[in-house]
Structure formats: C-alpha cells, structure tokens
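Trainee: Once you've looked at the hints, dock chain B against the given chain A.
Listed below are the residues making up each chain.
Protein chains: 2
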Amino acid sequence: MNQFSNENSALIEQTVDKETIKFHETLFTLSNGHIGIRGSLEESDLDWDYAENIGTYVNGYFEKAPIQYGEWAYGYAKNHQTICKLPNSHLISFSIDGEWFNLGTGTTTNHQRTLDLQQGLLIRTFTWESSNGKKVDARIERLVSYDFPELLLVSYQLTPLNFDGEIVFQNKVQRTLKEVADSDDPRVASGHGKQIATKAVDTKGLPMMLVSTLNSHLHIWCTAKAIVGMGRTTKQETTLQDEAIMTTTAFEAKAGKPIQLVVVAGYGDKFNEESKKEHFAEKLEQVIQEASRLGYEEIKHMHISNMANFWRGSDVQLAGDDQLQLGLRFNLFHLNQAAGRDGLTNIAAKGLTGDGYEGHYFWDTEMYMLPFFIYTQPNVARQLLSYRHSILPKARERARDLGVEQGALYAWRTIDGEECSAYYPAGTAQFHINADIAHGVKVYYEATQDADFMRKHGLEILIETARFWVTFGDFIPEKGNHFCLNGVTGPDEYTAIVNNNYYTNLMAKHNLLFAANMVNHYQEDLAFEGLSKRLNFDLQEVEKWQEAGNQMYLPYDEERKLTKQDDSFFDKAVWNFENTPREKYPLLLHYHPLTIYRYQVNKQADTVLAAFLYGEDFALEQKKRDYHYYEKITTHDSSLSHSVFGMMASEIGEKEKAYKYFMNTALMDLNDMQKNTKDGIHAANMGGTWMSLIYGFAGMKVVNNQLGFSPRIPEQWGKLSFQVYFHNQLIRIEMTHDVTEYRLLEGESLELFHQGGKLLLNTNHLVIIEN
Amino acid sequence: MNQFSNENSALIEQTVDKETIKFHETLFTLSNGHIGIRGSLEESDLDWDYAENIGTYVNGYFEKAPIQYGEWAYGYAKNHQTICKLPNSHLISFSIDGEWFNLGTGTTTNHQRTLDLQQGLLIRTFTWESSNGKKVDARIERLVSYDFPELLLVSYQLTPLNFDGEIVFQNKVQRTLKEVADSDDPRVASGHGKQIATKAVDTKGLPMMLVSTLNSHLHIWCTAKAIVGMGRTTKQETTLQDEAIMTTTAFEAKAGKPIQLVVVAGYGDKFNEESKKEHFAEKLEQVIQEASRLGYEEIKHMHISNMANFWRGSDVQLAGDDQLQLGLRFNLFHLNQAAGRDGLTNIAAKGLTGDGYEGHYFWDTEMYMLPFFIYTQPNVARQLLSYRHSILPKARERARDLGVEQGALYAWRTIDGEECSAYYPAGTAQFHINADIAHGVKVYYEATQDADFMRKHGLEILIETARFWVTFGDFIPEKGNHFCLNGVTGPDEYTAIVNNNYYTNLMAKHNLLFAANMVNHYQEDLAFEGLSKRLNFDLQEVEKWQEAGNQMYLPYDEERKLTKQDDSFFDKAVWNFENTPREKYPLLLHYHPLTIYRYQVNKQADTVLAAFLYGEDFALEQKKRDYHYYEKITTHDSSLSHSVFGMMASEIGEKEKAYKYFMNTALMDLNDMQKNTKDGIHAANMGGTWMSLIYGFAGMKVVNNQLGFSPRIPEQWGKLSFQVYFHNQLIRIEMTHDVTEYRLLEGESLELFHQGGKLLLNTNHLVIIEN
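Heads up: the protein sequence lines correspond to chains A and B, in order.
Residue numbering for the first sequence follows full-length UniProt numbering, beginning at 1 and increasing consecutively.
Residue numbering for the second sequence follows full-length UniProt numbering, beginning at 1 and increasing consecutively.
Quick caveat, the hints were computed from the structure, so don't treat them as lab data.
A few of these clues could be false.
Identical copies look the same in the list; a pair holds intra-copy or inter-copy alike.
[Stated by the list, open to error] Derived lysine to any residue pairs resembling SDA-like cross-links, with alpha carbons at most 20 angstroms apart:
{"hint": "1", "residue 1": "K276", "residue 2": "E397"}
{"hint": "2", "residue 1": "K657", "residue 2": "I768"}
{"hint": "3", "residue 1": "K479", "residue 2": "E558"}
{"hint": "4", "residue 1": "K572", "residue 2": "L745"}
{"hint": "5", "residue 1": "K544", "residue 2": "A573"}
{"hint": "6", "residue 1": "K199", "residue 2": "K533"}
{"hint": "7", "residue 1": "K675", "residue 2": "M663"}
{"hint": "8", "residue 1": "K479", "residue 2": "F570"}
{"hint": "9", "residue 1": "K479", "residue 2": "T234"}
{"hint": "10", "residue 1": "K479", "residue 2": "A573"}
{"hint": "11", "residue 1": "K572", "residue 2": "E559"}
{"hint": "12", "residue 1": "K479", "residue 2": "L324"}
{"hint": "13", "residue 1": "K394", "residue 2": "H592"}
{"hint": "14", "residue 1": "K456", "residue 2": "K533"}
{"hint": "15", "residue 1": "K758", "residue 2": "I633"}
{"hint": "16", "residue 1": "K479", "residue 2": "K561"}
Given the structure is predicted, the values throughout are model-derived calculations rather than measurements.
With the rest of the complex left out, here is chain A:
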C-alpha cells in the first residue's frame, strides 16, 4: 500500500492511485493551525474519475445543527458543531489549445509529489503532453504560511518543451461539490455543517468571497489573487459569481522559457458580527497585498527559515531506523501544523487534515499533545491553554446544567466551548476532562514557571475546576468518609458511569491540591485581588479543596493487590476474549454498550494512565502488577492506548514490549494502520509518539520542579537525540545505550537528574554521563 520512498525528511509519491488518493490527501495536508488544505491535486475539481475528498478548513470555523435524540432528557447537549468545508482556493489548471490538463487528458509522465517536511513544502512535478503533442514540464509548489497565518500560496510553473504559443491558466475560489457520505461510524464526520452560503464581492479591486454559516452565524472572508511570477501575459480576467471567483490568465509562452502563476490565497479570521464585515475584509486585503508585494520567493524563504527554526527545537533524531525516523518527523510536522495559535482555537482530533470527529477538541490536547508543545514550543502551549481559559463562561454554564452549583465543567467535545457530545455516558460523563486540563496547566507551569500565564489564565482555570470537584463529590460514610466522585466515566470508554474511577479521582485530587497550592502562592499578588473579586472567591474555599484532595478515595483491592479501575470493576466477569474473533474488533462497532459495560474489558489505558502520570504515587511493584493485569483486558481499540502502555512498559523494564507498542503506533498514519487515515490524521497518537520517546525511552520526569531523565532506549536503535525547553532554557540530549550527553543550548545553568543522580549543566558545556 505505502508507495513512499523516503529520504528521512520527505514523503515521495510516485503514482496517483484510486485506492490511496484520499489517504494521501490527508498525509499531504498543509496547515498552520489556522488554515488546513488537504493534499488534493490542483485540478481535482475538474471532472475526472478519482473521487477525492477535497477539503479546506479554518480552525474553529464550524456550522451547528440540533442534535436529534430518539428520547430527549434534561441537560443533553443541544447542538452538533461540525467544522466546515470552505471554498477551496488552490483549484488551478491550465489549457493548451483549449485542452485542459488533468490526469485523464493528454499524457502525463514522471508524475511525482513530494512533501518536504524540512521546508514545509508540497512539491509536484510532471511532464504533460497534450493530445496534439504539445509538451510542458510542470513544477508546482504549495505552502501554508506560519508567518502569515491567513495565507496559502501556490506557485504553478510551466516550461513549454516543444512549442511556442498560448497557455491559459484558470484558478478559482470555489466550494467543491464532492461531499463525504454520512456514516454510522461514530468516528467519522456526521455530515452536519454543510450549510454554508457564499457571496462574492469586489472590494477595492480584490474580489473576495464572504462565507457565512446559517446556524452558527459565523462569517469569514476568503480570496485568491493570481500574480504573474514569470513570463508575459496577454490577458487576465476575473469573474465573480455567488459561488465562485474565477481568474483566467493567458500567457504567451516560448519553448524552454518557464512561465509561473502564483496564487496568493487567504482566509481571514472568523467573526460573528456582520457589522464588522468591512473591518475583516480590509484586514485580509492588507495581508494579501503585503504578500503580493513580497512575492512568492521571499515568502517561501521566510517560510523555510521558520521551518528550520521549528526543527531546531523540535526535531527528534533516531539512529538505526530510517523509516521510523521519517515517521517521527512526519508526526512532529503534523502536530506542529495542527495547533491553533491564536488563544481562541485548539487542536482538533484530526488536526486540520479532515473532518473526522467533526473538527472537535477533546482531552487529547492536554493529555497527548500538549507535552510536545510545552517542551519544544512553550509559546504555542500557552496559546492552547489560553483557549481553555477563553471557554470558561460556557464551562460554567455546563456545570449548572449538570446540577453543580459551583465551578466550571469543560465540554467533552466541542469547538466553541459548548458541549457537543450526543452520547453522554462516553461524553459528558468523562468529567475527568476538567482535571486533565488542570493537569495541562500544571505541567506547563512546572516546565515554564510562566507566572504571567498563571495570573492571567491559569489560576482561573484551576479555581473553577477545583470548585467543580468539591461541589460535585461527597464524603461518603460507606467509604470511610473519604471524598468520592460518583457516576463518572473514566478514559476507558468500555466502562461507563461508575463510582470512583481511579484515574478521575487521582487526577481530581491533584487538580484540587495544585489549585490550592497555586492560590496560596499567588494570593498576595496584586492581580489576584481582581480575579478573586470577579470570581467571588473566598480563601476559605482552599481549605475545602485541600480536605477533599487529601481525603480523596482511591479504590484499591487489598486481596488482589491491584489498583481498582473503579469501585465495581472487579465485580464483573472478564470479557470472553477467547471467543471474540478478530473481526469483532473494535468491540464498539460489534457489541451493544450494555454488553461491553458488564464485563471487565478496556478500550484504552485508564488506571495505567493514572500510574504513568503520577508514577511517584505508585510503588514499582504496584505498577508492574497493575500493568500486567490491565494489559490482559485491554483491546487498544482507541488509538490513545498503545503509547501509554508503551511508556509504562518502559518504566517497569519491559523493554521488548515498550518497543513493540511504540512501533505499533509511531507509523500509524504513515502506514494507514487503522485504515481511516483518509478521514484525517490521529493527532493525539502523533503526540503519543513524542511522549513515548521522551517520557518512555528517555525516561523524562519532572519531580519537585526538577527535570530528570532515566534513559532506557531500545536495542534496535543506536542513538536518540532531542531538545527540551525547561524553565526557559534549551537542553540538547543525546542518548546511546551506554552514555547520555547533555548540552545547555540556551540559558545559564540548570540542575537536573540523571538516573536519579544530580547533574549541573552550564551554558554550552557538554556533560557526558554513563547510563
């Protein structure tokens, strides 16, 4: 299936193939956290017989539709939110003697597409011979800019090989009519959110299209300007229709002389007040004009240097497995592409590479992807957490919906903060998302000591989540008056609505205690007074948090000496794995929830995830017992599972298993292992890859605000090298089986732990130490 050759940092496609065209579209997606363009061919709106799934997305731009329930109940999520397919602006083709190029016309040879991960470019080359024998060489480059988040640029360069004459380009801004079919599979987009209206207008000579959703009332401007890069044109004409902007550019071409059309396309910020239409149109126009002034080469230059900067901090090098090295880079490239950077958007489960999971944000961000950003691009991490702060008002409302009179409850899945989960037992009931987000704040703060963030955003998140837990839970006599959280669903979605899910309780405990800690730390702060007043906060609340946190009930089976996933987990029979044929996985597609819920069976890491995150709360022997027990009953039907089991395997010294788990997931999307990469990447799994390497194999830990490593890299690899930021200092780490080299690239000095022993790093001194 995989027809890529690799050069460690580039994906190369030699053939366009019906079987894989949608899959490759996902892989070749270019994005910058604001816009995402699936890797479809430029001419693919023309009528040819490869059914692609063309998609252009803007992070956070969604349509909504009422959720239909067979039977309604109070407090149910009201609306679906679905990321929209916007008009595409990379639709370009050319004609010679009236014959339009596509892969079904004339003769195309040497067709190749390359996703250059290092430079962040999608490059396409081919030779086309028209039906009457006219030949051109083509080179098309596409980039989505990090410097100008609104912009997509396509450079379309043709060199006539055997003729002089006219070549006509046509480029369009237009919604494609090819739509994805609805599906019963809950992991696929639901087909809501198609209802968008477009209207093209000519503003100051730049034709633009206003896109508006009918129900969510979001507007966005989009446009494309065709610039002549090389060659002489005889005519350029732009026509406007409600549904399309179309530009025709005719070149007078000469054999051997390249001509180049550059399309500068832009998607502005979304807005919901129609009165601000002009403002946002002007803003986008300015960016387009600025980019036109700079020209393609200059923007490409900036882009490549930006990418180089990214790789400098974020690359992970792995000696001994080229295919894996490529896969890792591919993952990091896409992770980087997926992250919203404006503090108002986040990372969708599929990034901006497809409409799977409807473009929703989940707990995946904080638990699987945020660590990568915290340690390699802390400024992006801060923006991701700021998004959570921005949706606090909706989270407060949601807590009230759930009968909790204090604090905030984050939506399990959402775009704009409103709960969109239509199946509450595996949605809203996953209250742990509150603690997960607080955990994200904690990890970020421990790594960055970013007091400004804590004052402006972090504290409010911590206070409101802590308030939620103390109001939600109860001290239960039957449980020795410990603090209990009842009627919740943990990360494992094959067990629902239980009392005292271990993971949830442990995470909530740390949420409460960390919130108390931070409030105590910042209470003398000037800014705190305002916050306190606004939240009607009373310092006595902190005592309640501490009491609940310290008295948190953590279920444990004394007889089995196992951590209990929840109060009743061991009261159930173990799933009959022996009589479950392979084709019945994932179970959720073949068994009624009631069937799944009444057995001991895990979809994904749950207790093991808790033990991974708060390893210091567990003895090693306990971790081993828990790991071995839960591993036997886990199906890994969720792509979030392998990486956690892998990291825990590393931790307890199960080297072979750790390697196996890692290899099972590191190439998940590149090798289409779940057979659904066509719907978009598995962003959280990509984050899990990074975590597996850094937390798992490099054994990174932060304990008492100090960074430490315990290398345990697999025998299959020669060397693992990477960088992390910690307390504003950049450290380069290179690990072989025998030694580890530490070098402080930025910063003055840093004390860290290596295999438990202290180590002092000074600027640019190399420290080599045996493992």
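Mentor: Chain B only, in chain A's frame:
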C-alpha cells in the same frame, strides 16, 4: 376543575369547556381492546374554536420511523413505533335550513354528556335552536362493542320541537387534520407515525377505506354505514374520495316525532400482505351487514348484558365513599376497555385512549394490570400472555443483539415485539422485563392451573427467559461465587446500569426456579417433546437454572440491616431533598440523568416492589426497615410508585399511610392529578388501584398454590366487597372491619386461608369469620 357529578357509576359532564375538553375526551373514550375512540364531540371536525385531540386507534396498528441518534452505537433500537390515528368514523352533524349544528352555531341548551359505566354507553343530550328559531331535542348514544370487536355504533336521535321540515345528516369517515404537536416531554407521543395513506373503494355497495402505513406496511379496512333507525328519508347519498367517505341523509321530519340515524362503523383486523386485501374487506363487510341486520337496539341490548356480566365478576364495592366508588368503577371500566383480546395485542400504557407513550406496551401489563384480569377475567389474562408468546421470535433476536447467545430478551417498549426504546439506560437495560413476564405466567398459572396455556405458550416463555438469565449472568468470585447480574437497570429509573439490582436478581431467581419447576412438571408430557425439539432443549439446562437461581446474589447491607437496591446504592450521597423546590419535580424534567444517577434517589418503588411481590422471602421487620428507608428517598415521579408503597404500608401495618397512598392514586385520572390525562389514562395506575384494594387492603396472597386473605381495611370505609376467580372457582368476598364473608359463587369447594388460618368453602355456603 372536576365538574362531574356522580351517581356511583356514571360520569356526567354539564359544560363543554376549553380548559378540559381534551381531558374529558380521554375520560369519555370508548374502547374494547381492539378499537378506541376518544370522547370528542360528533361534530368536532367542523370548524369551531375548541382545539380537541380527536383520536381513533386500533390496538397494534402503528407506523414506524427510524430513530435518530446524535451518536449511533451497535445494537441500538432501530425504529420508533407509534400507534396511528386512524380515520374517524363518528363524525356526524346535522343541518336545518342549511345551518349546521355545532356548539358555535345557533343556541344550545341543556347540553350534557354521561359516561354510563354500568352499560358501557356514552350518552349525549341537548336542545338546539337554529338561528331562525327551529328547535330540536337531541340524544346521541355511542357504544364500542365487545360482541363485535370491529364495531363502533352511534345512534343520533333528533326530535323537532317546533317545526316540520327537512333535517339533513352528514356522517363521515375521515382523518381529522388536527394533530398533536411534538413535545420534548418523553412521556408524550413523539409525532412519528403520522404517515398513513387512505384510499376509499366501493366494495359490493359498501364504500370502504383502506388505510396503509408507508413504513410499517400495515393495512386496515375501515368503513361506516348510515342506517335509518326512525323517520322517513328523502335522500341518501354516499360520496367517495381518497381521504373521505361521506354520507348525506335527508329526513322529512315532523314536530314531536323523533328521527334516528344509526352509524355502524367498523375497523377490521390489521394485515400486512396486500394480497389479502379482499379477504379482510369481505370479513369486515360481513360484520357490518350482520350488525345492520340486527339493528342498534339489539346490539345495544347485547352490549349492556355483556357489560353486566363484566361487572358481576369484576366490580369492587366500597361502602363509605361515593366519589371513590365512582373512581374505582371508572378505573376498572377503563382497564377492561384497554386489554387486547386477540392474543396478538396487549395493553398500551395509555390503553386506547390517547397516543401518550406512542401506544407502547411495557412491563406495566404484567406487573400492574395482569392481576386484575387473572383474578376476574382469566380468559383475557391468557390472551395478554399469549401476546408475549407471539413476540418470542423478536425477543430471541434481541437477546442476540445484546450479545446473549441463548434465550430471549423482551423489548422494554414495543408494539410488535421490536425494541423501540431510544434511551437504553432506562429502556433496554431494564432486563427485568424478562422476569416480569415470567412472573405474569407464574401468577396466572398459580391462579388458574391452566395446563393448556402452560403447554402451548407458558413453557416456551419460561424456557427462553430462563435461558437468557443463565447466559447473561456470571458466578463472580468477588461475590462469593454467587450468581450476579451486572450492568442492569431496575424499575427505579433514577438509578441506571448497576450491578445486582435487588429487584432484578430476585425476580430472575424466581424466573429460573419456576421455569425449572414447570419443565420438571411437564417433561413427561407428550407436547413437551415437540417443544423441546423445536427449542433444541436439553434437560441438563434445568440444573444450570437451579444452580444460578439458588446461588443468585441478593445484595444486603449487614451494617444498616437494609436490603440494598444494588451493589453500590449506599455508596452514594442521598439526594438533597431539602434544597429541591416543588417545581423541580419530576426530577427527570429538571436534572441531567448524570445528576440524578449519582445520588440515592428513587423515581419509584424498586426494592419495595420486590419485597411486596415475594413477601415470603422477607421478615416483617426487614420489610419495615426497607420500607421506611426507601420511602424517604422516593419521589414517586412515576405513577407506578404510590400503589406499591401503599400495599407495603398495608402489609406492615401503616394503615394511615396505606390509605393516603391509595387515595393519592385511586382518582389519578378522574381528577387529572398528573395534569396529563389529556394524553391518555394511566392504565397501570388503574391496575394498581385494584391491586391496592385486593392485595393491599384485603391482604390477598397465594402461597404454595393456596389463596389467602388478611383483611386490613381502612377505618374510613364501611365495607369492601369483590370477587376473585381461583382455580376456576368464583369467590365473593365482603369485608367489614370486624368480619369477612366468603361465598363460593362458582365451583364445588375451595380451601383458603383467612388471617393465616384454614377455611373450607362449599358451593354457595356463606362463611362469616372474624378478622
């Protein structure tokens, strides 16, 4: 609000009132278990400003529509089924000088409607004066026949008071266009099932209408024939349209001489093979012709005598409270009307009086209504249970959907046997319905010893339900290797998906043991061999049933000395009743399920119901403790709750409470206490009334196949009298505070228990014994 005067056995309405018109329509519904006609005015399709909810139903005639889920999962119920509103055939009005009568034209005086419970007639009388001063006296009688289940008859009699001249009647078979609005309230009909097509044809001179549903593919014939009862007609004409059959009959009337139009309307059996169209048309036609031949008076005579027969066996007399006496009779009248009698239909939650709960059958039948029929009309009880046998094939499929490879699982709510519950935690998860139906078989059999039923239907139900339980449950080491039923919802819908719901486990235990018992009893029987073969049944299965039954886990809290509703019930905090204002009830309309589920709070009797049904398994002191504990946390948000608490209150000697509970529910519909009787009666509550009297106050019990009574009638009443059939013998019982009189009306001799002591009854001997 209640404007009825009463004569102990008739409801009289003096004014037609906008506020109550729909409520009265429900009360005045006439039905016979096959057809149900809401008590709307004959002319109410004419344009006047009282918004009625006209409805004509046929038991089991439904339309289906796919259930929309926000998020689908495997094994979910696929379709809604909704009882259809059929064309109405009681639509009649008359005109004088072209002016049509309704309550908005001319002047109507002395308008009165009477539901004569004793005779089973709805009688309407009034005087109408047309705008130009012509006066008529009207008397309209309506009956739905038990002798001819297909038939509704209306006798419309007019006497001109001050004129000679023409009076023109028009009667129609036509669907009214007034439809009920959709509602979010899960207890109201969903508005599905409106999609019916009608087509009128003239078969052998009798115009008939074929009604067909578009999705469930059910057909039914309906028709109406207008017969002249008294007076001379000048013209009669019938016109056919697709949507209507309309008959105009012109009378030459004389002052002081009554004229009478009799409408004989019929609704045949439903059928799903279009090829049988003619067959069913002929069948209905024959009934109509036969009825026409007999004439109204003869059919009315038969009907009244049929009703008298019903009351002879089923009446309950209560001295000391006339309003209550009327209410009781009203309840029994409607219960009797509601029951399907063809072995293929059952009792909908609202009978055939409205489309609330979409015309579905629930566990209500077996647990709340069946006892009344078992002890007063055992032949009807048998038909109701035969319906359950008829849907076994669908129940088997459903068990497979739920991953249970053996046995059958009855749908929680259904018309034709297919599961229609769109919210599985309070639907499909109520697996106890299996044991409830088996319990119905048990109670029926103990009371009737009907071996023919057991052979033909009962055994198969018992075997398939017992098979389900042994396959569904597991012996759990953590529970001392007792047999456990995990992931279930008990009757209390404010607690969902728990392990070892006490009620479910106890009922399943008796299901298993009774099935074993019956199989052992009947295994030598000739008929058993065929059944055994058909079900691929192995006698060794019985041992498994006995083992599971005897080892059934029954949760008990040793410290509190309380029966535990389920494994984790006491691990939750008690609902904060103090801070729950009155308007927040019923809780289900004001709190998210997750909020409700995480507290100790009951919607309805659950453990207390178990203790009531199997009182012999509980010590008296235990019953008292359980009753008092659960009473405090029960909201009675379900209409099924009060009667159970009342009966248990009787049993433990809480006389005042028993009386209060009873009075809270006995007049529920008559006094519109739940404010939703307009959507239909609460049939189960009506059954609960009978149970409260007979099981509760008369203390009826069957233990070891012997009938017994322990009278404990409230001080407010002088005497309670009723009849029961037991082992084919009819016993009349009259209880005062001091003594009880037993008389065997049918049968040779019967031994029974009175307050625990033995008593022998012989034919027509009166036995008087002190209480």
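Trainee: Which of the listed hints are broken here?
Mentor: The structure conflicts with hints 1, 2, 4, 6, 9, 12, 15, although it agrees with all the remaining ones.
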